[in-house]
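> Chains as they are written, first to last, in my numbering: chain A, 1 to 261; chain B, 1 to 541; chain C, 1 to 190.
Some hints here could point you the wrong way.
To be verified - Each pair of labels, with its calculated beta carbon distance range:
#1 C:N58 / B:H37: 16 to 26 Å
#2 B:L97 / C:A20: 41 to 51 Å
#3 B:W89 / A:D50: 25 to 35 Å
#4 B:M424 / A:R110: 49 to 59 Å
#5 A:D156 / C:N58: 49 to 59 Å
#6 C:R184 / A:A229: 48 to 58 Å
Since the hints were derived computationally from the structure, they do not count as laboratory data.
Quick caveat: nothing in here was measured; it's all calculated off a predicted structure.
Virtual Cβ for every residue (Gly too), placed ideally from N, Cα, C.
Take a look at the letters that make up each chain.
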Amino acid sequence: MMRERPASEGVGWVPVSIGMTAAIAVASIIVGFGWLPLQQRGEEFRGVWDAICSAAGLVQVSSGTEQVVQADYPTTRIELTPQMLRNPSAQSIGRGATLALRCTMCHGARGLSKADTPNLAGQYPIAIYKQLMDFKSGARASAVMGPLVSDLSDADMRDLAAYYAYLPREAQPASGAPPQIVTSGAPVRGIAPCGSCHGALEVKVGAAWLGGQPSDYLRAQLKAFSSGARRNDIGEQMRNVARAMTAEEIDAASRFYADRP
Amino acid sequence: MPSSRRLILAHLWFAFVGFGAALLLGEWQMYIRSPLHTWISDPEWYYRSVTAHGTTMAYVLPTLVAMGFGYFVTEVALKRPLIGLRWAWLGFALVALGTFVAIIPVALGRASVLYTFYPPLIGDPFYYIGVVLVVVGSWIWVALMGVNMYAWKRQNPGAPVPFAMFATVAGSFLWGWTAVGAALELLFQIIPVALGLRSTIDAGLARVFFSWTLHAIVYFWLMPTYIAYYTIVPRAIGGRLFSDAMGRLAFVLFLVVAMPIGIHHLFQDPQVGAGFKFLQSVFTAIVAVPTLLTVFTICASVEIAGRLRGGKGLLGWLATLPWDNPIMLGTAFSFVMLGFGGAGGLINMSYQLDSTIHNTQWVTGHFHLIFAGAIVIMYFVIAYDIWPHLTGRALDSVRLMRAQLWTWFVGMIVLTFPWHYVGMLGMPRRMAFYDYSDPAIAAQAAWVTMSVIGGAILVLSGALFLIVLVRGQMAARIEPGLYRFSVALREPRTVPAALNGFGLWLGLMVALTIVNYGFPIAHALATPGTGVPAVMVGVGR
Amino acid sequence: MTQTLSPPLPPSPEDRAERAEHRWAAVAVAVVTLLVVVAAVAGLRQEVMPQSRIETVNLGTLHLGGEFVESNLGSAIEPDGSVTVRAIGQQFSFTPSCILVPTDTPITFRVTSSDVVHGFLITGTDINLMLVPGYISKITAHFQTPGERYMPCHEFCGMGHEGMWGRIKVVDKDAFKQMAASTRRLSCAK
Chain A
1 MMRERPASEG VGWVPVSIGM TAAIAVASII VGFGWLPLQQ RGEEFRGVWD
51 AICSAAGLVQ VSSGTEQVVQ ADYPTTRIEL TPQMLRNPSA QSIGRGATLA
101 LRCTMCHGAR GLSKADTPNL AGQYPIAIYK QLMDFKSGAR ASAVMGPLVS
151 DLSDADMRDL AAYYAYLPRE AQPASGAPPQ IVTSGAPVRG IAPCGSCHGA
201 LEVKVGAAWL GGQPSDYLRA QLKAFSSGAR RNDIGEQMRN VARAMTAEEI
251 DAASRFYADR P
Chain B
1 MPSSRRLILA HLWFAFVGFG AALLLGEWQM YIRSPLHTWI SDPEWYYRSV
51 TAHGTTMAYV LPTLVAMGFG YFVTEVALKR PLIGLRWAWL GFALVALGTF
101 VAIIPVALGR ASVLYTFYPP LIGDPFYYIG VVLVVVGSWI WVALMGVNMY
151 AWKRQNPGAP VPFAMFATVA GSFLWGWTAV GAALELLFQI IPVALGLRST
201 IDAGLARVFF SWTLHAIVYF WLMPTYIAYY TIVPRAIGGR LFSDAMGRLA
251 FVLFLVVAMP IGIHHLFQDP QVGAGFKFLQ SVFTAIVAVP TLLTVFTICA
301 SVEIAGRLRG GKGLLGWLAT LPWDNPIMLG TAFSFVMLGF GGAGGLINMS
351 YQLDSTIHNT QWVTGHFHLI FAGAIVIMYF VIAYDIWPHL TGRALDSVRL
401 MRAQLWTWFV GMIVLTFPWH YVGMLGMPRR MAFYDYSDPA IAAQAAWVTM
451 SVIGGAILVL SGALFLIVLV RGQMAARIEP GLYRFSVALR EPRTVPAALN
501 GFGLWLGLMV ALTIVNYGFP IAHALATPGT GVPAVMVGVG R
Chain C
1 MTQTLSPPLP PSPEDRAERA EHRWAAVAVA VVTLLVVVAA VAGLRQEVMP
51 QSRIETVNLG TLHLGGEFVE SNLGSAIEPD GSVTVRAIGQ QFSFTPSCIL
101 VPTDTPITFR VTSSDVVHGF LITGTDINLM LVPGYISKIT AHFQTPGERY
151 MPCHEFCGMG HEGMWGRIKV VDKDAFKQMA ASTRRLSCAK
């Protein structure tokens, strides 16, 4: 092939190249789609064609319909997407304001409570909506909130979420440097920085804005997640975090967020 | 001197300034996540830096170097002015514009998605639009390479296309085709979601499209390096190219098999069938062949130079090589790094060994060794070799050049060898900080620190590189003379048509793409319900 | 009349060069072929092969019904004595955050993501997966010695990626069986 041969001599480049490429492809396909799958131990194929289709990547309906262990407690029933509850209409906010009149006793006239109930002003709408839904379904247990939301419809809850999101947050001076558990989490214990979901770094859909919440409330919630008393976090994401936190870290985080707007 | 030298200088300066900035970011990243620094208080800065560093080093630097060098080769090898100079300037403008359009949202923290931008994480749409502009600008270059080569062929029927041009066009066609994968992902999946036109995206399919680009892009990066091996090094050291035809064969092999093998980046993914993983694994093994051919041909060519200088014996010719020549030095360093990096690549390409190190720091160490090491050191060498022909001025800071190449080599070894090792210890990738106080991770601390030192040496080397080039812009005017590429042992009078054109190879490349990628893509598109909600990044900033 | 054949010409330099090239090309191809064969054979013998089926799963209802509801996650003993571990990766933890498995038992991991692309790596082993939302990743394993290992996420998944470290605990087979007597889905997440 290096020598200057006249073009007529020898096998041409085209057939040889195409032939070799095709041969390699065909051999690899036979081995990869036919022989190798059948050699695998522990895989049950319903025949050669099934093995070939699986190797090709034909999607199978998940066969995991073996016994699914259901929870013996209610879990959250909502499907969350980041696009939910965007751009509420003015009417929705207005309806929410009316509905919220019954909430002011504990949550304050402008969504800012004077007790240990959470401040709702300026909260992410998806967080409010989800918690209301969970109170209603029993996924989040509360002797106080359960009865109060039992007659709220889905539209009511969306309106309330829109209204509270629209209210301004309380301005408070920031206090000191955040504790390490808040800024950096604790990597090897599987704790990410709080802000990576709770807004300082990113907002994960469904996560709540924590700034300015009463420290007793935050402490109680973290303890509830840690013990499993509160179980409405999808996929146990908060239970994973709270279980790994020490009592001091729970305390430090709760106090930090209480003092921060 | 080439008439398009201002165009070429524009490409190279933009590339190297971007390189310098990204180099600083890279060392900052190494430092921040090492035991030498406390955990960064805002990890988003780290991911922002990684995005900027990766985007510049992967999409801007090598593209502009390939484009600029490609225009140089076109004029010098074909011995006539570039056809389509205005189009070339348009291509450059698009790349430059695209770089700014992409980097600004990244700098503002609105697109910290990393240069691999794996959905469903989605950032600011302008980041992706900027990347698309860069690719479109480079496609203009691809077209111009083809236009120039075919115009020359028409004017010189039956004559062998000069080897440097043949290789350059092979590289450009490879890039043209390989960029299609990421372009499809960006244009049809990511940008519509980023603009809010859609809210779900098939993450698995996006990864398949990206893998189409992700492997062959490293061969696109490698093209200028290999072209320099064949066409610059033998001449620069006073030798001859061992074989013209073997070189051509290597480049057409790259054109055919570099691209349809990307699924080896998805070995551990659940959305691709095992049969396709094996098929692409076999073709990945084949792409090792042109590199092995190249190693042989270039070593033989260098041996010729050594023996022409009086070297005797089995290895005695090594001593007589012109080691004071920066080109010789850089090439030797490149080969050493290519050897280690290539061995690492062989490990990555086999599914079984890959599963021990996939997505650990081994992978990052590997591609820094092979790309930032073996490949980029030859970008420096190319710049040194052609700079006088672009500037019309002397480039005689030879001691600085040697120091720069030495520091790049040493820094790269110190950076990447410990990096591979911590990957083997299981250190995961892409984390803003690590808890080195934990006993299981403490073993990695010293090695990570060594890498930081390596990176610092590289920053010094990068600075030296820019100093050499700046000096070259301000030095005394000279007449650089005619630029010559290397000459083969026996220059061919005719070359088989298959080694003088690309029809056959492009056909094979497309056919292999259809065989290797067609079904996975078509099947993913046809399967309903695989879209998942987009997760927007950087919205609050 | 005897004819003296002229001796064959010594090979020209070009011929020798060409032969050297051909020999090297053959060596290169042989090396590469050997690597592929070794990989395939080793993969079969050690049972390290890519998952053989692609399974999709509905992301939005992952926590509402089906295999990956939170009460079904964890380690389950199958009728044939093997163990199936079901887990999810999410921003920014794995559930179960501590996976419990026995020694000397065939184990099948079935893992998926509930939001973005995550990684799944058991350090010191070749159990190394990508978790792509909408798809189920599957791998089989066999642990021989008890101990604890880290299970970090190794793909960038957002601003909390650096905090996403799970754990896996390998316990003696009999101890595992005892624990399994009282609960159908085991983990060490407490």
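> Could you run down the list of hints and mark each one as holding or not?
These are the hints, each one checked on the structure:
For the pair N58 (chain C) and H37 (chain B), the supplied restraint of 16 to 26 Å is violated, since their beta-carbon distance comes to about 43 Å. Checked against the hint of 41 to 51 Å, the pair L97 (chain B) and A20 (chain C) passes, with Cβ atoms roughly 50 Å apart. Between W89 (chain B) and D50 (chain A) the beta carbon distance is about 57 Å. The supplied range of 25 to 35 Å is therefore violated. Range check, M424 (chain B) to R110 (chain A): about 58 Å between beta-carbon atoms, so the 49 to 59 Å window is met.
At about 28 Å, the beta-carbon gap between D156 (chain A) and N58 (chain C) misses the expected band of 49 to 59 Å. Between R184 (chain C) and A229 (chain A) the CB atoms are about 22 Å apart, so this pair departs from the stated range of 48 to 58 Å.
When held up to the earlier numbered hints, the structure conflicts with 1, 3, 5, 6 and fits the remainder.
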